[in-house]
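Put the two chains together into one complex; each comes in its own frame, and the hints tell you how they fit.
Going down the list, the sequences are from chains A and B. Using the working numbering, you'd call the opening residue of the first sequence number -1 and step up by one each time. Using the working numbering, you'd call the opening residue of the second sequence number 5 and step up by one each time.
Among the clues, some could well be false.
Claimed, not checked - Pairs of lysine-lysine, BS3-like flavour, derived with a Cα cap of 25 angstroms:
no., chain 1, residue 1, chain 2, residue 2
1, B, K17, A, K249
2, B, K17, A, K317
3, A, K489, A, K9
4, A, K11, A, K403
5, A, K9, A, K484
6, A, K406, A, K244
What the hints assert, rightly or not - Estimated spans, in silico, between C-beta atoms of each pair:
no., chain 1, residue 1, chain 2, residue 2, range
7, B, T103, A, A521, 36 to 44 angstroms
8, B, P61, A, P543, 19 to 27 angstroms
9, B, I21, A, R162, 31 to 39 angstroms
10, A, A521, B, V59, 43 to 51 angstroms
11, B, H13, A, N318, 17 to 25 angstroms
12, A, V23, B, F22, 56 to 64 angstroms
Calculated from the structure, these hints are not laboratory results. Note that CB positions come from ideal geometry on N, CA and C, so glycine has one too.
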Amino acid sequence: MTAQTYSLSPKEKSFVSWHLLVAMVALALGTLFGPLQAFEHAGLNLYPFLQPLIKSYYQGLTLHGVLNALVWTTFFITGFLTFNVIYGLKRPLRYPTLNQVGFWLMIVGLVMAAIPILLNKASVLYTFYPPMKAHWAYYVGLTLVVVGSWVEGYGFYFTYAAWRKENPGERTPFIAFASVLTMVLWQIATLGVAVEMLTMLIPWSLGLIETVDPQLARTYFWFTGHPLVYFWLLPAYISWYAMLPKQVGGKMFSDSLARLAFWLFLLLSVPLGFHHQYVDPGVPAGWKFVHAVLTFSVFFPSLLTAFTVIASLEYGARKNGGTGLFRWVLALPWRDPSVAAQLLAGLLFFFGGIGGLANAAYNVNLELHNTTFVPGHFHLTVATGVTLTFMGVSYWLVPYLTGKKLWKPDLARWQAWLWFIGMIIFSNAMHVLGILGAPRRTPLGDAPYVPAEWNSRLLQVGIGGGILFISAILYFAVMIGTAFSKVKVEKEVEVPVAEALQPVSQTPAWLDRWAPWVYAALALIVIAYGPQLYEQIRNISLTSPGFRVW
Amino acid sequence: MSTTSLHVHPYEKRWIIFSIVLLIVFTAAVAIAAFALGIQVPSPEQRVDPRTVAVDPNSPWSNPGLREIAPGRYEAYILAQTWQFQPREIRVPVGSRVTFYVTSKDVQHTFKIQDTNINVQVVPGQVSKLTVTFKKPGTYPFICSEYCGVGHAGMFGQIIVTP
Ligand code: HEM
Ligand SMILES: [Cu+2]
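Isolated chain B, as found in the complex (with noise of 0.2 angstroms):
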């Protein structure tokens, strides 16, 4: 075995250096968002059993919908389900604080808020949780874009924003 040392050629080694560089500050930039700025991605949040969650009268998704639970803030329990989101409509004021607990209670689907920061993929057996704040009235669509069956194109439904 012969102990040659590996050779670089001298730009090649800054563009090594340069690279380095490059993927550090990224990693920076993402560390910053994550826990200086608080935009978060989902983290477990509790297990529900799919075959029930839906009639279990215990369980917050056998009557999905919004509630408030302190003034502005709300709690929003949506029952994803091929191929439609219970409720299909929610109404909050502008400036509102909710939280969305959302499940699926047969396959995969994806609860997409447009123009929000809201889009997590929903697994039966699972909760995925995430807030978001209202601050412009409008009307929002969250949509499905986990296929989920050949009615999949008509999955959405509505968060009305009111001045």
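Just chain A, same shape as in the assembly (with noise of 0.2 angstroms):
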């Protein structure tokens, strides 16, 4: 069983590597706009430096939605799952050219949507709600990004049929199963937004039609909308459950465990989209505490995954010598950035969680619904959990992919801690100001209507954002010195990928089978969406005409 032999060859190692330099690109320009919004908050109003360059804080927090949340997620994603694919099955991508064709796809959207948004002609943040109306490339350019990701796991597929046809009756190795499964989950999810885009938004905006229905747009943005966040997660949850444990001299705790949950988020994360829209006027009541209650029930594979993760985490550090029934989480090895930045990730991720629960309780979500409460949620998800954890897996890929030694880990570990604890800060600050009632998406430095008892926790939204900024840095300083430093690694990095401690060949057949689960899936969507959806466009009311607000 000593199967870390395989590696991928130089122009594999080249393609994955394209993929996390468009992401880290878009990261470091997405992220600068966050501190300055932080900033804002707390007083501290950066912006007319950046005229005439950036007109307005909308244009800024569109830039950061957009390459924070859609670009750096999805190009991190795709070559991660492109690696964990080739790597995984031990052989290389049945069409590269497929995968590559992909890849030009999404960097000519991301081009088409890039322009107008730094002409100010996009300006209409990451959820695009019409009736605002973007230049029509906005919407075409964001399109060919997820067509692009199609077409990378189109090729996905064929790989892993050809594996497939080539070791009949043999289990899929975990980390290209919950590869692809991710991609699965990934098409099935964006079927909502390509339906707005190109039954409402690319005609609207290329003028073919006059006018859009902004309620049916935003249920198919959100039948998008919250699966997305799923497939953020499930990446950073593939490392969390396959290598992490490796990585801290441990084993994966259960292999089938891991299967199941995976399966569980694909039946489960796209018909509940309605947890978005409580507060909506367009749709039933009823049909709200439906996906309210099934909203709950994609928690039990996240608690699943905390139980196996942990565990898998506390057997590696119990061989390492750990003891106690806390104290072993102190013989981990946190001296290590990768782990230590996925260990951190992994615990904001759960106070995340926590905050999710909350958000999603149905009538709570009238209290919380819009307020920074929202953003101060998902910065310990995405902007924590995920994130950290894909910088985290980039301190060993990226030696691994460019044959370069990690440049001073001593500062990707400080980046690690500083992320952590400036989101503490400033996640904790938006949390209550949310709470308090405090607005969202608003630059709030500029109210008129802000009292005095929010100034307090409006500053430490900046310090937090101060602390994260300098964390930003320190992550780009590494990456961009490990790409540049002369210091070759003496073999190969060794991809952490854990064994089982059940043989995987001890893992039930019916989690290694595609149909039934996929066609639950969609059975599960057309129960949950599909009389609203049907009323929703039966009833369609074609009344809204365009308006540009910015």
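Here it is in structure tokens:
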């Protein structure tokens, strides 16, 4: 079982590296605006200095949302999944050209979307709710990014099918299985936004139709919007389940339960998008309640994940001599920046999950909708649980791909801790402000209704943002330092893939069969969404012309 | 194909049971709040045409404001637009029960009254309806909390509840 000898070809390495490079450039530009927003909240408005390059807080916020939440994630994830499919299956892509076409489509889309944003012709934020109307290139560009990622996904499917033919009856290696599943989830999830783009926003922005239905557009959008977060999260889970345990000297506690959790995500993550629309006027309360219940059900695989991942870590820590009920945590290899980043990411993600439960609780949402509680929440999840994990992954993956030693691991470790500390301060203040009623998507330094009692919290938002800014600089310094370093690794970096405690051959066959799960997922979507979609489409009211309000 | 069955560690079994119970409790809590305590989220009310809703003389939003429908009971028709609410100020005596009907004549907004349960997305073409009883005198700001353009941060008004 010494399966560690497989290696990606130089071409494959460079293909994956390009994904990561684009992702990191996006993150570098995107995060830049985070601290600016945070400082603005604290009363330090730096936007006048960005004129005429960046014309408003909202042009910046559009960049922040699009570059971080859409570009950084999608490019890093497609790159990481490509790596996992090749490395996991220990075979090259079946049709590498297909994957390259997908990648280039994503690049073309990215450039197309970036131009109108940079020209201030698309300051509609990353949710682009109509009837705010952006330049058509923004919609077409974002659509191409998604289509490109689909094409890369088709490349995965062909590769997987080829592997299956060569290895009949064998269990799919976990990281490849989970990566293909993540792509399937993404392709189902993005149907909503694809329909929104193709039937409404693109023809409308091109002037082919005059008006749209903003309520129906929201329903399409959130069909995609919620499972989108699982598309971000599952690659981080892949690392936590299957890679982090190896990095801490342990094993995967249970291969079967890991797969079960992934199947449940595929099954449950789409049919609950109305929990983003609890306060929408055009969706019946009854359906909102149904989706609220389904929302709680998707916490189950996350709770399963918490157990399995912690058990795997504990197993590793005890093998390293860790003892005690909780003291074993100290026996984890915290000095490894990749490990430290992911452990800290997981810890904050746990609190993010609790906040999410509150937010999802139907009527509690009446208090929290569109308050700073929401960005407070998702900076723990996507901006830390996911982003800091990806940073941690890059601390071994980039050396693997480039053959260069990680530049200044000490700085990398500082980076992880500063992100953790900065985020605690930032996110805590955002949560509290949200409970006090502070609206999100608002330059609060400029709002006339801000009561004095918010001021100390707004200041904390700024302080947290400043610490995060330093952390981000350290991250890019380490990445650039590594890329340009002259110090090569002595031998190829070992890819951390943990073995399971129970041999994989003992994983039941029903956990490695696609059709029943995919059909069940589609059926559940039809049940949970079908009637309302039918209603809303039947009663479509195309009454909203477009507005440019920035 | 082998017929191995799912192997679950005893601790993990306990955790699974705990998780399921926890989520059932949460669901029950929400159900009780929704059905027994009557805390409600909005439901479809009526459709309007945002292009005419502010000018059509038959539309209540062509003359937005407060109407008393019975002693202590009011209807408030609020028109949201970039970047203001009409009316900007409402006065009601303490103990009043007010039903808000909010719509937009342009882009999306959110109508959120601070320190109350009222927080609703305002979508052009739809009417957002929610009811609240003002039990304490004071000033309740209402603010827009959905991005609606460059002037969004200044979009607010207030309800003055008189003793
Ligand atoms: C340097 C670290 C960061 C800081 C200080 C920061 C700060 C902020 C602040 C203050 C807001 C709220 C703006 C408003 O509602 O008016 C915000 C929004 C947001 N942030 Fe960040 N952020 C950071 C990193 C990230 C990362 C890494 C991601 C995602 C991967 C992210 C994703 C988002 C998204 C999606 C929004 C919502 C945008 C919208 O409302 O349209 N942020 N950020
Ligand atoms: Cu507004």
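Hints versus structure:
no.: 1; hint: B:K17 <-> A:K249; result: holds (19 angstroms)
no.: 2; hint: B:K17 <-> A:K317; result: holds (23 angstroms)
no.: 3; hint: A:K489 <-> A:K9; result: holds (19 angstroms)
no.: 4; hint: A:K11 <-> A:K403; result: holds (16 angstroms)
no.: 5; hint: A:K9 <-> A:K484; result: holds (21 angstroms)
no.: 6; hint: A:K406 <-> A:K244; result: holds (22 angstroms)
no.: 7; hint: B:T103 <-> A:A521: 36 to 44 angstroms; result: holds (40 angstroms)
no.: 8; hint: B:P61 <-> A:P543: 19 to 27 angstroms; result: holds (22 angstroms)
no.: 9; hint: B:I21 <-> A:R162: 31 to 39 angstroms; result: holds (35 angstroms)
no.: 10; hint: A:A521 <-> B:V59: 43 to 51 angstroms; result: holds (47 angstroms)
no.: 11; hint: B:H13 <-> A:N318: 17 to 25 angstroms; result: holds (21 angstroms)
no.: 12; hint: A:V23 <-> B:F22: 56 to 64 angstroms; result: violated (44 angstroms)
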